[in-house]
Each structure stands twice: as structure tokens, then as C-alpha cells.
Amino acid sequence: MTKTNPGRFFEDYRLGDVIRHATPRTVAEGERALYHALYPSRFALHSSDAFAAECGLDGAPMDDLIAFHTVFGKTVPDISLNAVANLGYAEGRFLRPVMPGDTLRSESEVIGLKQNSNGKSGIVWVRTRGLNQMDEVVLSYVRWVMVRKRDADAPAPDTHVPDLEKAVPAGDLTIPDGLSFADYDFELAGEAHRASDYEAGERIDHVDAVTIEEAEHMMATRLWQNTAKVHFDATNREDGRRLIYGGHVISLARALSFNGLANAQCIAAINAGAHANPSFAGDTVRAWSEVREVAKLRDDVGALRLRTVATRGTPFELTGEDGKYLPDVLLDLDYWVLMPA
Amino acid sequence: MTKTNPGRFFEDYRLGDVIRHATPRTVAEGERALYHALYPSRFALHSSDAFAAECGLDGAPMDDLIAFHTVFGKTVPDISLNAVANLGYAEGRFLRPVMPGDTLRSESEVIGLKQNSNGKSGIVWVRTRGLNQMDEVVLSYVRWVMVRKRDADAPAPDTHVPDLEKAVPAGDLTIPDGLSFADYDFELAGEAHRASDYEAGERIDHVDAVTIEEAEHMMATRLWQNTAKVHFDATNREDGRRLIYGGHVISLARALSFNGLANAQCIAAINAGAHANPSFAGDTVRAWSEVREVAKLRDDVGALRLRTVATRGTPFELTGEDGKYLPDVLLDLDYWVLMPA
Amino acid sequence: MTKTNPGRFFEDYRLGDVIRHATPRTVAEGERALYHALYPSRFALHSSDAFAAECGLDGAPMDDLIAFHTVFGKTVPDISLNAVANLGYAEGRFLRPVMPGDTLRSESEVIGLKQNSNGKSGIVWVRTRGLNQMDEVVLSYVRWVMVRKRDADAPAPDTHVPDLEKAVPAGDLTIPDGLSFADYDFELAGEAHRASDYEAGERIDHVDAVTIEEAEHMMATRLWQNTAKVHFDATNREDGRRLIYGGHVISLARALSFNGLANAQCIAAINAGAHANPSFAGDTVRAWSEVREVAKLRDDVGALRLRTVATRGTPFELTGEDGKYLPDVLLDLDYWVLMPA
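Protein chains in written order, with our numbering: chain A, 6 to 346; chain B, 6 to 346; chain C, 6 to 346.
Among the hints, a few may not be true.
It does not matter which identical chain is used: a pair holds within one copy or between any two.
As the list claims (entries may be wrong) - Listed next, the in silico SDA-like pairs over lysine to any residue satisfying Cα-Cα at most 25 angstroms (straight line):
| # | residue 1 | residue 2 |
| --- | --- | --- |
| 1 | LYS154 | ILE180 |
| 2 | LYS8 | GLU295 |
| 3 | LYS119 | ARG246 |
| 4 | LYS329 | GLY195 |
| 5 | LYS8 | ARG303 |
| 6 | LYS234 | GLY251 |
| 7 | LYS154 | GLY61 |
| 8 | LYS8 | GLY195 |
| 9 | LYS234 | PHE285 |
| 10 | LYS234 | GLY287 |
| 11 | LYS171 | ALA197 |
| 12 | LYS119 | GLU295 |
| 13 | LYS234 | THR289 |
| 14 | LYS171 | ASP158 |
| 15 | LYS234 | PRO283 |
| 16 | LYS8 | HIS165 |
| 17 | LYS154 | ASP182 |
| 18 | LYS8 | ALA197 |
| 19 | LYS8 | ARG297 |
| 20 | LYS234 | LEU193 |
| 21 | LYS8 | ALA214 |
| 22 | LYS234 | ARG208 |
If you're looking for bench data, these hints aren't it; they were derived computationally from the structure. Please read these numbers as outputs of a predicted model, since none were measured by experiment.
My request is simple: use the sequences and hints to build the entire structure.
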């Protein structure tokens, strides 16, 4: 009997199953420093205990994407080891800040199954929850992947496609307990723009660009204990390059978006996301955003629904005449951020 | 007078000498995060304060190899600056967990000397101890190296070859104070296998593979304040590659061994180790293990004596017809791990 | 209206203006660990809480250059985004140790302006102060840069060239509160030399060498939230290399200087500094120092005024027959260090 993990195949998933993922992880000042070394992030709330305290928190929470990557990484051995494709995200909700010293673990519920017509693979939908050491849910999201079957003759499960929201409604966004932007220091945060200064349809070129090195994306991906072989093993491809974890590009795009969105202090929801094309070391990544909605949640707190696109090409170019993503587009992310109203 | 350190030569060592090494070092959450970024480690006890607390500890200790590398790095300027070869390890014992915030220092006692017949070099055996800020020994190990003589005419010392154990006996292994596997959560740890599920002679291919980049092994080696020039200076070789610190390969192999040995939570002893061939950036490292002994230390705690081999070739291949290591074998490590009985 | 930061041009600066820079930053154990991973630093005071406690401090302060880089990085978007050249440093004073958990922010006062005769650019002098969360100044320095004009027709300001000290006088150096070298452990620090063992004119070749990788200098520069595009964007140059942040070379030189200056525990002042030539990945950096002055500040505390030169060439070579820096010289730094008297 082999003692190593072969991963799950399509026929191993049952609707309603809840999978508790290994390995729990305490995140702290070290992960925060590495996040700053790996991504050009400058959002003040996650950078400064003093700034966070003036916004009503006990100290600077871990970057929202540290929480996301840590929770996501744990799901890989159980969900995507035999995945052919990462198809989508929906209903991502950031429910509670993760503070230095918190321990995160993940569990995923199978909420949808649909065998492909070729009988060789199928689509699995899971709702993943990240929990802290008090068993509080810090974030949850739905993700669906195409997974191979071990045995093409295994019977197809009943098809169940979950009904997912196209976007989290503004009224459902969670404002972290205690957070207040009433005494917000715009100068220290880096820009003067409030949520009400943006308007739907507005586009922002985030100007800066970052070239990715192999060592960087591998260190990042290991940091989240995402050990999918394809990110680390140069013998998988003739050119020796390793496929970059899609979350690395999400973090790059979010960090680059500081220039023009410096007050977008928290990610409150992820509505949808597509890893449009694979990314490799040597890519120089740029980002641009389009404002989709502007919402006022409270007197002090507003929200923007953004489409942020990461590209190794020219900003604002997105799809070709065939409606498909252009080859240089890496990420198309639809999400909500919180900022001063 | 030069103020820089020329290192010690063979004739500078005296049997019984105790050398206190510079530089003391506090290790904490930052070193833990970097360890996770540099090595694909997923052992729960060192990853999660909550998991460690459920195993009876005050929190997650630093990875055992962080302690080893930190203690080892300090010895380099005094022991191996003029070394021609790193010949072996023996009697490595992990005696006490290192917790975040602990300060480590090292001292080495010269326990053996033997001049080579050519009169130009000799073998030095040292027992190195790592001590914390309370002067408690956290680990100790014997290492022997071949060191050049400054002056070939310097008289040979009396030959003294220490009598070393081939392996630390199971009965001598130290279980960390307070550690209990009585309520161990196998699901959260990642695998279901107890020590008693393994048997002597069993072989495990750890499946995963990691390609090494120059930036990664240099950051790791600096992190342990091991400043041996050969790891950092590209002008030493025509191809510009730098010799990788052998300990980097130990940590890679140990991390890769998670897949099949996820419950091997602690390293309790290092019985022997050979850096079979030098490793360089670009190498894709795989690992396999053979179980040598299975021991029960207590009702809840078992131990495995393992041979773990790191290779850039094919798992389970080890030596050629001449009995020598094959050129792709990088590391052959004999050690004890603790796991649920 | 664009929401991104175009940076300031020469005509945007007014004598006496004080610019508060974004983004405040909490530095802690994570930044300390990364500093050790990025630079081969072994100075005991910044490495060990226990050693620092024996020197009278509450624990190991953050490396002085962590404070410098963090404070400097924040000034980039406001001072040097449109800079053509970084011309010099003066009157750098380290006034208070930065401890793990402290939050730093920066502000700069415009203390000099001089339009160039071509009317297209001008020189701006700023005095930058780094402040902690108690609004205490932890360090200050003067820096001057050449900045482009947006509009060549903008009127020239009155010329004001500040009167700057050539070097901070020894009597003005600040000894950190509580610091005592009375019970200093030279063995644990790594060398036996006191300040009084050095003499003016003495030269030290620091022996070691480090080759720089793209991933390393980019991670370092991001860590200080210095996001100047030229350090990160490979599309700026045909060869794809990125200009290395000058501060990265300062930290490398300082770390290399351990070998021969192991007891130079604190940087007390920066008198002057020139980034003699640009540095790129692939450079193998060496360092040498010349002692310029030896001072006794107290019975236990002495100081050395040092010139430390970083080079990718041969130590002790500095300028050519034309008096200009040789092409392999990267850094020429004039500064004060504190060590046991």
C-alpha cells in the first residue's frame, strides 16, 4: 500500500461531503514581512499597527490575500491535485480580519457535481471555509475545478449545479468589527480619493510594472503551503519554466493597484475571477482597473466593485474579436473593496 | 596585522579545546515564515500553535532543522573555513524544542584529531552543542572534517579517533517535555499512518520535486549566518554557479518527505549523514525513504529510524556497481523521527 | 482626472515645505529575519536579544539600516519619482534604536533649491526625518537629487544652497539610551578588536564576496516599500536587468564589513555617500574600508569614522587618473560606527 497521497478523482467526491484539510497554520509577523517582500503592497491598514489603531482595530490585520492564499493552499491536495482546470470563483466573502498569531485551517463542502459528456472527467464545486483557532469563519468562497476520473467506467453522479450569485450584493458586505474611517488620515494613506470620488465605468491604469522571477513565485507559493508540483518542478516543461500559482498574480495585481486605489484598504468580497492565461517567470506584469459599482455602506465606509486585470501587455486591452481573452491577459478579477465613503 | 578571520588550520586544534562560536542569534516568527517560504514543509506541529497546543506544547516550536542550521552556521568560521571536505555526522541528538524568541549560541569541543599520511592535512572531530539563553543544551552532534595545515612542517598531534555510536539507540531518544500524541488529529496532520503502520525495509517515494534557484539557497544559507564564501561567490567557478550548502538539501529532503511521512512530527536524532555529491542551482530534487527500524517509546509516541535520500535522479537508485554513490545522489541521511505510536 | 501619482517636478517644491510621506510601516521579527536572509550580517547586537540585553538594551534593536531603508523608501514617491540623479547624503544621524513592533513614518523638509543653468531641471535638498509611533525622531538625514521640470518655462525659484557639515563631529554622535559596552563579550561577538586597536589610515579588505540575484534585490527593495519602477521592470532595458536600489549595496557592504569590523555594532552617523556606479544582478560585490578617525566617546564606547567602499573589482582601487571613480566601484560611504572603546 502506498502511503503517499494520490489525490481525489472525480468519482471520489460526494455531494454534501465536508473535507477537513491539512495542515493548520499560524500566521504572524513573519508572513507579513514576506508578503511585503514578495508584493509591492503599500496599503496602510495592513502595513502599520498605528494606522490600524487609528482606524479602530487592535493592530494591523494580515493582508486579506494572506488569509485567502493560506486557506486556498490547504485545499490543493484534496481538491485540485488531479484537476485539469481551475474554472472559477464565486461568493468569496471576507468575514473577519486575521490577526498576527491566528491559526488558520480550511474545510470544503462539495456543493456541486457534473460529469462531462466525454465520461473522462467532471466538474466539482466546493465551498471552502477558512477558520481560525476559535473556529470562527474568517472567509469563505466557492471554487469549481475540472477533475479527471480514475476509472472512466465509474458511474456518473446525479448532476447538481449550484445556484451562485453573480456578485455579492453591496448590502451583504461585512465591515470588520471596530473598523472606522471617521478619522482617516488620507495623507498618510497616500492618496486623497474617497469612494465617492470614483464613478462606475472609470478606468485606472496603475502605471507600475513588476517582472517575476522563479525564486519569488516559488517562495510565495510554498509560503502558502500550496505544494502543487507544477509550480516547483522544472522537469515538467522543456523550457524549465514553472507555471505560476494564479494567486501570485492576484497579489501582484492587488499590490500594483495601490497607485490609484491607495485607500482601498480591505478586500470585502471576490465575485468572480478568471486566470485568463498562464503566467511564467520573466513576465512583466501590469494592472488596470475598471470601477463597476460605487456603494455607500455607512457614513464613513464606502465600497467599490472593481474589475482589476493583470496583463503582460498593454493596459485596457482585454479580449479579441472572437471574444476570448487576449494572450497577454493573465487575470480578470471582480471584487469589492472597502474605503472611506 | 590583519583584522579579518583567516580561519583555523589543522595544527591550531588541540584535543579537549572548547571553542565558543560567534554570533548568538534570536530566532522567532520571521525565521519560521522564511523556513516555510524556502522549503515545502507541512508538518503540523511546527506549522500551527493550535496543533502544538493540542499536543501538549506551549506553541509551535521552531522546525528542528532551523535549530540545527542555526547552530551549525555558527561553527563554520571556526571549524570549516579551511576544510577540504565535510566527512560525516554522528550522535546528533535533539534535546529540547527551540521556541520563537529563544536565542541560540554554539560551542564545539575538539574530540578527535588524526593527521593524514601526506602530512598536508588532517581530520578534526568536534562535538558541537547548541545552547539557548538559559544555557540549556538544545541539540548536540558530532561532525568531522578534513582541514588543511597552514604549515606542512608543523608536528602531527597524537592520533585520537573518537569512538562513535553507529546510531543513537531508540531507548536514548528524547521526547520533548509535555509532548503527547494521545489526542492526535490525524486528519488535520494530513495522513492516517502511525509508527506501527510502517515496517522495517519499507520504501517510500515521496513523489514531489523541487527545482532550486540561486536566490533561494543563498537566502537560506545567509539566514543561518553560514557565510562560507563558496555558497555565495559566483567568481569561484567558471559556470558562475555556487555550491549549495548541504543543509539546504537536508531541509528540502525532510520537507519533501511529508508526502508519505506526514506524521513524522519531530526529528529526534541524526545517526549519520553523507553529502554524496555537490548540488547546484537548477537541480530538481526528489526524495525517497527507507524505514530501518520501528520503535515504540511510549503508549502514545513511536519512532522510525529512516534513511532518506535526496536525488536529482530516479528514486531508489543509490550506488553503482563500484559501491559508490551514483552521481545524481545528493544526500544519504540516517535519522530518527517521532510520530504517534 | 488621473488618480495615479505623477510625482513632483522641480517647480512643485517650495523652500520650507514639509511633506508627510505615505505609508506608515510596523517593522518586527519578520523584517529582522528577512534582513538576515538578504544580507550576510552577523553583528551580535542586532542578532541576539540576549547579547543586546547584556549591552543594556531591552532586546535586539532592528538593524540600523532597516530603519534607514524603511524611512528612505517612503520618500521615493514624493522626492525621487522624477529624479534624474541621486546626488548625495549628509548629516545622517541615528538618534534612537528601532525596536520590533515600532511603526515608522517619514517626513521631509525642503531645505534647498537651485535651478540648473539649462532651465530644464534643478537640485532639491531635503532633510528627511523618520519618526516612530510616539513621534520621536529615530533618524534624520539630508539628501539631494536632481529633478526634472514639468514645464521648462516655469520660473526659477530663488537659489538656496544649504550649508551642510562635511561630517558629523564625533562629539555630536548619539549613544543609544542604556547602551553599555562595559561587560562586552568579544568572543561571542566574533573578534577581539576595540576601537583603540584601529588607527586612522588603516585599510581592511573584508575578504568575502556575494553575487547578487534579481530576486534578492527586488525582494529587499519591495520590503522597504521602495517602489521605484526602475528596480522592478525588466522592460526598461534591452538586457532585461533591473537597476539595483543603492541602499541594497549599502547593506551588502555593511554586512561584508563584519569580517574585520565585527565589533562595529551600531551605525551612528552617515557623513556622505556616493553611488559611484550602477549595480546589476550578476555583480559579485566585495568591500574594503579605510579608518578615517578614531574617537573615544565614553570609557566604554568608542567610535570609528570609516570609508567603506563596495566594488565588483579589486579592493583598494578607487579612482582613475582622471580622479573619477573606476567603473567597478559601486559605493563610497563615509560613516561613523560605535564599538567598545
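Now for the hints, and whether the structure bears them out:
1. LYS154 / ILE180: Answer is neither; intra-copy 41 angstroms and inter-copy 44 angstroms both fail.
2. LYS8 / GLU295: between (48 angstroms within a copy, 12 angstroms between copies)
3. LYS119 / ARG246: Neither. Shortest intra-copy (33 angstroms) and inter-copy (48 angstroms) distances fail the 25 angstroms Cα cut-off.
4. LYS329 / GLY195: Close neither inside one copy (36 angstroms) nor across copies (40 angstroms); limit 25 angstroms.
5. LYS8 / ARG303: between (53 angstroms within a copy, 23 angstroms between copies)
6. LYS234 / GLY251: Result: close both inside a copy and across copies, 14 angstroms intra and 23 angstroms inter.
7. LYS154 / GLY61: Neither, since 50 angstroms and 41 angstroms both go past 25 angstroms.
8. LYS8 / GLY195: between (52 angstroms within a copy, 11 angstroms between copies)
9. LYS234 / PHE285: Classified as both; 15 angstroms inside a copy, 20 angstroms across copies.
10. LYS234 / GLY287: both (20 angstroms within a copy, 16 angstroms between copies)
11. LYS171 / ALA197: neither (31 angstroms within a copy, 39 angstroms between copies)
12. LYS119 / GLU295: neither (33 angstroms within a copy, 41 angstroms between copies)
13. LYS234 / THR289: Answer is both: 23 angstroms inside a copy and 11 angstroms across each meet the 25 angstroms cutoff.
14. LYS171 / ASP158: neither (35 angstroms within a copy, 53 angstroms between copies)
15. LYS234 / PRO283: both (15 angstroms within a copy, 24 angstroms between copies)
16. LYS8 / HIS165: neither (33 angstroms within a copy, 45 angstroms between copies)
17. LYS154 / ASP182: The answer is neither: 44 angstroms in one copy and 47 angstroms across copies each exceed 25 angstroms.
18. LYS8 / ALA197: between (57 angstroms within a copy, 9 angstroms between copies)
19. LYS8 / ARG297: The answer is between: 16 angstroms across copies meets 25 angstroms, while 49 angstroms in one copy does not.
20. LYS234 / LEU193: Between. Shortest inter-copy distance 21 angstroms satisfies the 25 angstroms Cα cut-off; intra-copy 42 angstroms does not.
21. LYS8 / ALA214: The answer is between: 17 angstroms across copies meets 25 angstroms, while 44 angstroms in one copy does not.
22. LYS234 / ARG208: between (37 angstroms within a copy, 21 angstroms between copies)
In terms of the numbered hints stated before, the structure departs from hints 1, 3, 4, 7, 11, 12, 14, 16 and 17, listed from lowest to highest.
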